Amino acid sequence: MPSETPPADTLCRSAGCPHLSGTHLGRESLEKEPLEDKEAKELLWIRPDAPSRCSWQLGRPVSDSPHCHAALVKSPKILPDILKKIGDTPMVRINKIGRNFGLKCELLAKCEFFNAGGSVKDRISLRMVEDAEREGTLKPGDTIIEPTSGNTGIGLALAAAVKGYRCIIVMPEKMSTEKVDVLRALGAEIVRTPTNARFDSPESHVGVAWRLRNEIPNSHILDQYRNASNPLAHYDITAEEILQQCDGRLDMLVASAGTGGTITGVARKLKEKCPGCKIVGVDPEGSILAEPEELNQTEQTAYEVEGIGYDFIPTVLDRTVVDKWFKSNDEEAFAFARMLIAQEGLLCGGSSGSAMSVAVKAAQELQEGQRCVVILPDSVRNYMSKFLSDKWMLQKGFMKEEISVKKPWWWHLQVQELSLSAPLTVLPTVTCEHTIEILREKGFDQAPVVDESGVILGMVTLGNMLSSLLAGKVQPSDQVCKVIYKQFKQIVSREECSTVETWAGPISWAHLPCPGLPLLTATTSAGWLPSLSSTKRSPWSSGSPDDSVLPEGRRNPDLHGLTTASV
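Note that my numbering has the sequence shown beginning at 1, numbered continuously upward.
I should point out that these hints are in silico values taken from the structure, not numbers from a laboratory.
Mimicking DMTMM-like on lysine to aspartate or glutamate, the simulated pairs with C-alpha atoms at most 25 Å apart in a straight line are: (1) Lys482 <-> Glu441; (2) Lys396 <-> Asp311; (3) Lys361 <-> Glu331; (4) Lys85 <-> Glu240; (5) Lys273 <-> Asp88; (6) Lys482 <-> Glu437; (7) Lys271 <-> Asp251; (8) Lys104 <-> Glu344.
Computed beta-carbon distance windows for the label pairs: (9) Ser493 <-> Gly397: 21 to 31 Å; (10) Val455 <-> Ser201: 44 to 54 Å; (11) Lys442 <-> Glu215: 49 to 59 Å; (12) Glu291 <-> Val62: 23 to 33 Å; (13) Pro275 <-> Gln367: 10 to 20 Å; (14) Arg192 <-> Arg166: 15 to 25 Å; (15) Gln395 <-> Ser493: 22 to 32 Å; (16) Lys85 <-> Gln244: 14 to 24 Å; (17) Arg184 <-> Leu72: 28 to 38 Å; (18) Ala471 <-> Arg198: 41 to 51 Å; (19) Glu331 <-> Glu433: 47 to 57 Å; (20) Ser65 <-> Pro202: 34 to 44 Å.
Keep in mind the model is a prediction, meaning the values are calculated, not measured.
We treat Cβ as the ideally placed atom computed from N, Cα and C, and that holds for glycine.
Working from the sequences, and respecting the hints, build out all of it.
What follows is the structure, given as structure tokens:
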């Protein structure tokens, strides 16, 4: 790794923490280096697990703090911008889950997915940006770079979009596609890194972020792992909200840990104002944040839950304020996240499930009249293609097929039992113009392309032909073979429909067997068989038990013989 000498723009700041700014070498003071010397050196970085020198102590007056503290203020009726919709998240009573697991205490959820960007990390993102602006570190036209699992990146990208900064987010490959899509929509630039790279590897999201920081002029890593603004955002605001919402009465707080800023900031304030409250930390199996160290002993090194756990101890994490740690696992985390959605109507993410799975265990010791608060960090928005999907849950082994949600009528049928009639087919020599006319006349939007001997060459869609014509890629007189999809997989007619439905892959076509035609298929992200119960009877199909409930006039050839989905 590069040298551990900190760059000039990450030195102690008036609103930052001088006790968090020390390097891995533990120097007692930091001296600003001349620019010419710094530029001549090899690439610089600061370890995200550098020992903390924070001076916070329980009982020490806030007036002795080296930080600039923020006050909890009431929001105006009309917000000047969306950044003012960060904070003031609701506290919601959990009714069914607590009762179902035999809890005697009151169970409450602090729903952080109601922040503007959808997660608790919006709080620290805004705080880090505004503190850096106030100190003069971050100036108009500068670039924000951040290594993150995604939620801090979304918060920073949101702030950058409103304030006009360039934003570069470096994140491991395992993070969801939804996070990447949201980041890009906010104008951020995305750099992906190997999931299995150690944090101190040059290929890790931390290492790559520091390399970019040293290559891009006027760029800054706000560094959530070390930045005092991270726990301060929760000490000053999140904890105060919890205390106000609970009228100062709570007996247990359960929070998962990633950087550790949330649990550190909230716990420190609760220890000061509600000393009897027990702080419970949640750490996923495969992470090393929990104490005692024996809890972390496992052969597992990877986990699917995003946003929590690390293979190093972030500088901002103060484990001394956590009374007890629990380890969570993926299967329970996703089961509880889905439970929160289905039973409580809370559209939360996987790490929320981690916290709740621990809360129902830890809160068993509480009695009637006592209260447990669980922090739910983020929204389901980022995980629509992951734990919200039965297909994904089945593939990862987190759900047994028999406990999946209600199965359609065709689930256990063999493909050959569907008794489908032959679909409309097109020869490869037919022009695009004529094919479009045929599809429109028949009310279809796709068809298989076959040669004279009946061999299937691929699939053609109305949408693809029209877009290709508009883009000038083909002419109306060109043969349809120029716009066909050619990738398929073979299935056998004895295959169960449920097996085919749960396939996953990058190809966008599926074809059910028909008399006289070979079996051609390719999987889609949208699935193919589900449409069997939602498509009107057409020449492509022999019908289904659900035909009678379909909207009148719906003509979607999607899928009694074929289906399409965007690749």
